[in-house]
Amino acid sequence: MMLEHISFRHLTDYADNRLQDPHLSQQINDHLEKCDICRQALSIVMRIGQTAAHLESPQPAQNLIERVLKATRRTQTLQSRQQSLAHSPPTLLHDSRIAALAAGVRGGSKDCEMLFTFDRFDLHLSIIHSAELDSFTLRGQLMVSEPAEEELEGNQIDLLMEQAQIRTVLTDQLGCFRISNLKSGEYGLRVITDIVESVIDHITIQN
Numbered sequence: 010m011m012l013e014h015i016s017f018r019h020l021t022d023y024a025d026n027r028l029q030d031p032h033l034s035q036q037i038n039d040h041l042e043k044c045d046i047c048r049q050a051l052s053i054v055m056r057i058g059q060t061a062a063h064l065e066s067p068q069p070a071q072n073l074i075e076r077v078l079k080a081t082r083r084t085q086t087l088q089s090r091q092q093s094l095a096h097s098p099p100t101l102l103h104d105s106r107i108a109a110l111a112a113g114v115r116g117g118s119k120d121c122e123m124l125f126t127f128d129r130f131d132l133h134l135s136i137i138h139s140a141e142l143d144s145f146t147l148r149g150q151l152m153v154s155e156p157a158e159e160e161l162e163g164n165q166i167d168l169l170m171e172q173a174q175i176r177t178v179l180t181d182q183l184g185c186f187r188i189s190n191l192k193s194g195e196y197g198l199r200v201i202t203d204i205v206e207s208v209i210d211h212i213t214i215q216n
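With this note's numbering, the residue at position 107 of the sequence shown is 116, and numbering never jumps.
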C-alpha cells in the first residue's frame with residue numbers, strides 16, 4: 010500500500026511510539042525517507058508534544074494538530090502550485106449569463122450579488138453597503154459539487170487591492186467568508202483550495 014501522506018493520527022502515534030503494527034511502522038519509516046512534507050509535519054507534531062510536556066499541560070487536542078498539519082501541507086502544495094502557474098495567467102471560468110442577471114443594482118440600493126462558476130465549485134458573492142459607515146462588506150460562500158473531494162473549511166481567500174496590497178481570510182465550516190470596511194474601487198479575488206487556485210480579475214464596488 011502506497012501512502013500519499015501520513016494521517017495526523019498515525020503521525021502522533023508514531024511520534025509517541027504507540028504504533029502496534031510493525032508493518033505500518035516500516036511503511037511510515039519508508040515514507041518519511043521520501044516525503045519532505047510528512048517529515049516537516051512530524052517535526053511539528055513532536056514540537057507540540059514536547060511543549061505540552063514541558064509546560065506539564067495535557068496533550069494538545071487532536072483537532073489542533075490536525076489543523077496545523079493541514080496548514081503545513083497546504084503551504085507546501087501552494088508553493089508547488091504557484092511555481093507551476095508562474096508561466097501562465099490564472100483562468101476564470103465564468104458563467105456570464107448568471108452573473109449578468111445577478112450583478113446589477115437592485116431595488117435602488119447599493120447592494121449587489123454575483124455568482125461565479127468554476128470547474129470544481131461555485132462562488133456566491135454579496136456586496137452590502139453600510140450607509141452609516143459609508144463602506145461596503147463583501148460576503149462570500151464556496152459551494153462545491155463534490156464535498157468528498159473539496160473541503161469547505163480553511164480555504165484561503167485573497168482580496169487583491171491597489172498597490173499590490175492583499176487582505177487574506179479563511180473560509181469557515183460552511184465555506185463562508187466576510188471582508189468588511191471596503192471603499193469604492195476595483196478589486197480582484199483569488200480563491201485557493203487544496204486542489205485548485207482560481208482568480209476573479211475585476212470586482213467593482215461603487216457608490
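It should be emphasised that the hints constitute simulated quantities derived from the structure, not laboratory data. The structure presented is a predicted model; accordingly, all values stated were derived computationally and were not measured. Cβ atoms here follow ideal geometry from the backbone N, Cα and C, with glycine treated the same way. You may find that some hints are simply not true.
As the list claims (entries may be wrong) - List of simulated lysine to aspartate or glutamate pairs, DMTMM-like, C-alpha gap at most 20 Å:
hint : residue 1 : residue 2
1    : Lys192    : Asp181
2    : Lys192    : Glu160
3    : Lys192    : Asp167
4    : Lys192    : Glu206
5    : Lys192    : Glu122
6    : Lys192    : Glu141
Unchecked claim - Simulated DEER-style distance windows between Cβ atoms:
hint : residue 1 : residue 2 : range
7    : Asn190    : Leu28     : 48 to 56 Å
8    : Asp143    : Arg48     : 48 to 56 Å
9    : Gly163    : Leu33     : 42 to 50 Å
10   : Asp210    : Ser144    : 16 to 24 Å
11   : Asn190    : His133    : 16 to 24 Å
12   : Gly163    : Glu141    : 15 to 23 Å
Unmet hints by their number, sorted upward, for this structure: 1, 2, 4, 9, 12
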